[in-house]
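K.L.:
Sequence lines, in order, name chains A and B. Residues in the first sequence are numbered from 582 upward in steps of one, following the working numbering. Residues in the second sequence are numbered from 26 upward in steps of one, following the working numbering.
One should not assume that every hint holds.
[Stated by the list, open to error] A few chain B residues that face chain A, going by a derived Cβ cut-off under 7 Å, partial list only:
(1) Ala29
(2) Phe46
(3) Trp47
(4) Ala59
(5) Ser89
(6) Leu91
[Said to hold, decoys possible] Part of the chain A face toward chain B, derived, beta carbon under 7 Å:
(7) Phe940
(8) Thr960
(9) Asn1012
Keep in mind that the hints were calculated from the coordinates and are not lab data. Note that the Cβ used here is the ideal one computed from N, Cα and C, for glycine as well.
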Amino acid sequence: MTRVLVPSGALGLNYDKEALRRGIAAKPDIIAIDGGSTDSGPSYLGRGVSKYARSSTKIEWAGLMEARAEAGCPLVIGTAGTCGADSAVDWMLDITREIASEQGRPLKVAVLRSSQSPVDVAQAFLEAKVAPLANAPEISADLIRNCTNIVALAGAEQIDAALATGADIVIAGRTTDTAIIAALPLREGCHVGGAWHGAKIGECGALCASNPQSGVILVDFDKDGFTVTPLADGAHATPHTVSAHMLYENSDPFILYEPGGYLDVTDATYDAVDQTSVRVSGSKWVPSDQYSVKLEGARPAGFQTVLMALLRDQHYVANAQRWADDIVEKCSAKARDRLNLTAADFQIEIRLIGQTASFGDLESNQTTPPEVGAIGIVTAKSEALSQEIGQLLNPYLLHHPLTAEEEQPTFAFLFSPAEMYRGQTYEFALNHVLHLSDPMEAFKLEVHEIG
Amino acid sequence: MRLARLGDQVQKIRSKNAGPFWLTIDIFCGSQEAYEAIVATLPTSRVAQTFGTSLQNIKRFDISQLHVVKFSLPRPTVQGAPNDRDMHGASWAALLSDIDL
């Protein structure tokens, strides 16, 4: 039996300290926590930085490092620093060094790096080793080379290699959410389908149970399946909460693709062990002929400046879309004219909060609200240009009349200056897999003695 | 008078990213009766129309054990692209909640 303690769905989301103590008392074989995902958007990968505050990350990580020392087992974090790029891994390693010296404890740390050289990925693309997934964007070698960061998602094989170094702590770059949980049960010969399925159920912490914010869960893996137990007061796993978790953030609730194969839970059975725990068996692992890892990449998408005005006058609230369309047309023409630009150099968009900001043309609810927020978004090819066009847009958002005949209106600005500079923006550029001849081919493993 | 707004007939509708390129929407019907009613009255074509996409883009899962009807579709815009409006795909459930059956 392999016992995995999962403190929460992500480092930075906090965990229930009392529940963690119970987990340590249960003598886990490993503590595994996720450090990121793409869910917060492309900027983190584009810049190679963490979403969560350093102070928060340090406090939570220090608590887990203490727990590790007490439990005498390895501690592993996957997708360190939100995006799992090398720079975010270095940030996490730096925090770990700081804590190790503060705690006065020498440690062996294995670092698994997932960053890929865009030049190498472009070459692999030209050699037909990069294949698209469903709804992948069109790509080219130039587009790949334009990415500021590309990461490959490590699977259980790479985490296993890191654990095999005998490290106390594994800091992994981008991995699949499940790999850090599945790796040790797989290494110890537990049921393969059960290892991946239990890892998927466990990867969001207590989200598979009632009281989902409490975080901490135990997953026990064995020869036939797994048992999941949330550890916080008042948290219960039921066959319903556990099986329903397969719906979460999955486009297919029965099939989950991983490096080297896929998990099929179509025939899995979920049984209550008691009021708190659920037993799962019957999950299948289907190995693939080709070993492939998923790629994520982010590339620059222009510089942005944002402005916001509030419309409260009912005449303008009722005609806000016409007002916004007129501003976009006139201000775009002025920007082309005064700055000698073409349409490809910039974009001005106005979204109407309270009317169509969520769904645009798909919005079906046409009721008139008391007020409307007009958010002006300028995206341009340089920072200076986005700021300049933001300043051109400012007087329109402040004073633009619906018709030339009416008295000049004034709308509410929230701030001075009204322009908010967002700097460089990024976009996700890849939804592809990279074929490998060896699982470690695209990854690097280092061992550091710290503290 | 509105006869049968979808959101009023079920326990909860949730939408979420399934990676940066896909959106997934879970309709938790709450009972066997509600589940059967939704399966019988909500054609996939209606969901395609609501999201402005074509029928063949939509994956549908009717999961009777959970009383859940799940739809997955390519994200209306890629997550975080300049024209994206909803980084986590959280609001799209409301668009589906508002349709009348």
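K.L.:
With reference to the structure, classify each hint as holding or not holding.
P.N.:
Comparing the hints with the structure gives:
Here the hint on Ala29(B) is broken, as its CB sits about 15 Å from the closest CB of chain A, past 7 Å. Among the interface hints, the one on Phe46(B) holds; its C-beta lies about 5 Å from the nearest C-beta in chain A, closer than the 7 Å criterion. For Trp47(B), the interface hint holds, the least distance from its beta-carbon to any beta-carbon of chain A being 5 Å, beneath 7 Å. The restraint placing Ala59(B) at the interface with chain A is violated, with a minimum CB-CB distance near 15 Å, outside the 7 Å limit.
A hinted interface residue such as Ser89(B) counts as satisfied when its beta carbon comes closer than 7 Å to some beta carbon of chain A; here the least separation is about 12 Å, so the hint is violated. A cut of 7 Å between beta carbons decides the hint on Leu91(B): the least distance to chain A is about 5 Å, and the hint holds. Restraint check, Phe940(A) versus chain B: the minimum CB separation of about 5 Å is within 7 Å; hint holds. Hint status for Thr960(A): holds, given a least beta-carbon distance of 5 Å to chain B, under 7 Å.
Checking Asn1012(A) against chain B: minimum C-beta separation of about 5 Å stays under 7 Å; hint holds.
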